[in-house]
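Chemist: Sequence:
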Amino acid sequence: MGTETKSNSYTGQISTSGGNPKVMKDSLSLVRQAVKQQQSNQINLNSNSNTNPNPNSNSNSNSITYSSEQQQQQQNNTGDIDRRPAKQEDNSTRSIAKDTVVPFVPIFVEEADVIQGAKDILKVIRPNWDLNHVDFKKFTDGITNKLVGCFHNCSKLGNDNDESYLSINNATRILPVQSEDPVILSDEFTTIDGETTEQQNDLQLPIQYSDNVVLVRVYGNKTDLLIDRKAETQNFQLLHTYGLAPSLYATFKNGLVYEYVPGITLNTESVLCPDIWPLVARRMAEMHRVVRKANVDGQPTPMIWKKTQSFLDLVPERFSDAEKHKRVKGTFLPIGRLREEFNNLYKYLEALESPIVFSHNDLLLGNVVYTKSKNAVNFIDYEYADYNFQAFDIGNHFAEMCGVDEVDYTRYPKREFQLEWLRVYLECYLQRNNIQNEEVDRLFVQVNQFALAAHIFWTVWSLLQAEHSTIDFDYVGYAFLRYNEYLARKDEFLSLTASKNNK
Numbered sequence: 020m021g022t023e024t025k026s027n028s029y030t031g032q033i034s035t036s037g038g039n040p041k042v043m044k045d046s047l048s049l050v051r052q053a054v055k056q057q058q059s060n061q062i063n064l065n066s067n068s069n070t071n072p073n074p075n076s077n078s079n080s081n082s083i084t085y086s087s088e089q090q091q092q093q094q095n096n097t098g099d100i101d102r103r104p105a106k107q108e109d110n111s112t113r114s115i116a117k118d119t120v121v122p123f124v125p126i127f128v129e130e131a132d133v134i135q136g137a138k139d140i141l142k143v144i145r146p147n148w149d150l151n152h153v154d155f156k157k158f159t160d161g162i163t164n165k166l167v168g169c170f171h172n173c174s175k176l177g178n179d180n181d182e183s184y185l186s187i188n189n190a191t192r193i194l195p196v197q198s199e200d201p202v203i204l205s206d207e208f209t210t211i212d213g214e215t216t217e218q219q220n221d222l223q224l225p226i227q228y229s230d231n232v233v234l235v236r237v238y239g240n241k242t243d244l245l246i247d248r249k250a251e252t253q254n255f256q257l258l259h260t261y262g263l264a265p266s267l268y269a270t271f272k273n274g275l276v277y278e279y280v281p282g283i284t285l286n287t288e289s290v291l292c293p294d295i296w297p298l299v300a301r302r303m304a305e306m307h308r309v310v311r312k313a314n315v316d317g318q319p320t321p322m323i324w325k326k327t328q329s330f331l332d333l334v335p336e337r338f339s340d341a342e343k344h345k346r347v348k349g350t351f352l353p354i355g356r357l358r359e360e361f362n363n364l365y366k367y368l369e370a371l372e373s374p375i376v377f378s379h380n381d382l383l384l385g386n387v388v389y390t391k392s393k394n395a396v397n398f399i400d401y402e403y404a405d406y407n408f409q410a411f412d413i414g415n416h417f418a419e420m421c422g423v424d425e426v427d428y429t430r431y432p433k434r435e436f437q438l439e440w441l442r443v444y445l446e447c448y449l450q451r452n453n454i455q456n457e458e459v460d461r462l463f464v465q466v467n468q469f470a471l472a473a474h475i476f477w478t479v480w481s482l483l484q485a486e487h488s489t490i491d492f493d494y495v496g497y498a499f500l501r502y503n504e505y506l507a508r509k510d511e512f513l514s515l516t517a518s519k520n521n522k
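Every position in the sequence shown, counted from 1, becomes a number in the numbering used here once 19 is added.
Honestly, the hints are just simulated from the structure, not real lab data.
Virtual Cβ for every residue (Gly too), placed ideally from N, Cα, C.
The reader is advised that the hints may include incorrect statements.
To be verified - Using 27 Å as the maximum straight-line C-alpha spacing, the simulated DSSO-like pairs for lysine-lysine come out as follows: (1) 348 to 249; (2) 138 to 156; (3) 391 to 433.
Stated by the list, open to error - The calculated label-pair distances, taken between Cβ atoms and stated as ranges, are: (4) 132 to 332: 31 to 37 Å; (5) 318 to 147: 47 to 53 Å; (6) 427 to 517: 27 to 33 Å; (7) 132 to 452: 51 to 57 Å; (8) 360 to 517: 22 to 28 Å; (9) 370 to 152: 35 to 41 Å; (10) 332 to 142: 38 to 44 Å; (11) 509 to 317: 29 to 35 Å; (12) 439 to 135: 46 to 52 Å.
Start from the sequences and build out the full structure, keeping to the hints where you can.
Modeler: If you want it as structure tokens, here you go:
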């Protein structure tokens with residue numbers, strides 16, 4: 020699951036004290052130094068885009084000393100990334116520079132006051148911003164995280180009421196301002212000052228990612244039990260080097276600050292649109308085909324195995340809430356029964372020999388952003404990104420087409436749609452057009468059978484959230500939804516064979 024309810028929805032470190040976010044004043048100059056260096060590096064990258072920079076030149080320019088707390092939070096990216104080039108592309112490999120740093124801001128943001136927390140963070144990472152000229156908009160809450168958009172020097176969006184927020188499904192159009200920085204212009208917003216979208220498009224102003232807008236994501240309570248935050252930061256930067264993720268500006272004690280991607284998140288109707296779903300298929304195929312992590316020895320352990328086992332270890336045999344315990348005990352407890360069910364399924368799926376690729380692993384609809392003017396999609400939220408079975412990433416996305424807030428499994432994509440989607444995917448993944456029916460049919464079987472594993476995974480995830488999350492969401496009910504769908508589809512999907520699906 021993901022954003023609309025799960026997408027921006029997993030959590031981070033736990034506060035040991037209440038009150039407003041605290042700033043370690045002795046660290047502020049250090050953080051600002053790192054931010055300035057990061058901005059300087061970006062300028063240098065832009066000016067040298069047509070040259071081959073020497074990674075050893077100016078080696079001392081990024082030399083920054085960190086406190087022990089910052090060292091723990093900082094990403095340590097070393098080594099080259101092995102990128103398999105696509106046809107007709109430059110054969111040079113992409114790498115994350117050894118001195119690349121993501122500034123860490125020693126602030127904890129309270130869930131109840133995320134706007135104030137965002138202001139405190141901006142004082143550190145954007146010290147030149149006048150907060151009187153910044154709009155703070157809270158996007159649709161996730162079921163585990165909070166997301167705040169910070170719009171600098173933009174025209175007022177909505178009214179001045181602090182409780183008026185934009186939905187994450189409403190794109191934001193920002194008018195040009197007097198600034199050296201680029202501005203965002205997203206054509207998904209309908210009107211500004213009475214002008215129609217068509218009139219505004221006549222301006223022919225380009226859509227650009229902008230330093231004038233940043234997103235602040237605050238992790239939910241105790242999601243550090245579920246997510247390796249250091250790995251998430253590394254994945255964010257790794258995917259950015261491939262052009263598959265926005266820029267990561269900073270981390271703080273319980274969240275991230277990153278670049279705004281203009282567009283709208285998908286819903287159960289748009290994900291089936293003929294203009295959109297091929298973009299999603301190709302984007303996923305591109306990620307699977309090209310992304311490589313450095314220093315991976317041998318065959319990596321698939322995420323679905325190690326994460327599910329870890330989650331199962333954390334599910335309590337007695338829930339702290341008596342009513343929740345009463346609801347789950349008959350079906351899910353003792354947890355050893357669910358573990359046995361998953362282990363038996365995994366043994367079967369492993370024998371299918373689906374390729375192990377670097378995967379997103381959480382492509383619910385709210386984690387896919389569509390930018391109409393660029394005819395492009397981007398994926399967001401990389402909390403579960405890791406090596407995994409190819410068929411899991413696709414099968415999980417198909418299952419998420421049924422929604423999260425209002426789940427309707429009659430929306431699960433029909434065979435004909437899946438076959439079209441998978442053919443487009445394979446053309447991009449295999450870099451050829453002559454995809455055989457047998458290849459599509461084989462992937463069709465794998466994808467639907469791995470969708471069963473996705474149901475169990477998010478079932479266990481929901482049980483953990485039911486015990487620990489403070490978000491107002493019926494995690495127990497969601498666990499039953501996923502597990503009941505697993506039981507309903509199990510025999511049907513496991514009986515599929517490629518030979519039966521060949522025309």
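Chemist: So, for every hint listed, does it hold in this structure?
Modeler: Structure-based check of all given hints:
1. 348 to 249: The hint is violated at about 34 Å.
2. 138 to 156: 12 Å, holds
3. 391 to 433: Holds, because 26 Å separates the two Cα atoms, which is no more than 27 Å.
4. 132 to 332: 31 to 37 Å: 34 Å, holds
5. 318 to 147: 47 to 53 Å: Taking Cβ atoms as reference, residue 318 and residue 147 lie about 48 Å apart, which means the hint holds.
6. 427 to 517: 27 to 33 Å: 29 Å, holds
7. 132 to 452: 51 to 57 Å: 54 Å, holds
8. 360 to 517: 22 to 28 Å: Holds, at about 25 Å.
9. 370 to 152: 35 to 41 Å: With Cβ atoms ~59 Å apart, the hint is violated.
10. 332 to 142: 38 to 44 Å: Holds - the Cβ-Cβ distance for residue 332 and residue 142, about 40 Å, lies within 38 to 44 Å.
11. 509 to 317: 29 to 35 Å: With Cβ atoms ~32 Å apart, the hint holds.
12. 439 to 135: 46 to 52 Å: 48 Å, holds
Going through the hint list in order, the structure does not satisfy hints 1, 9.
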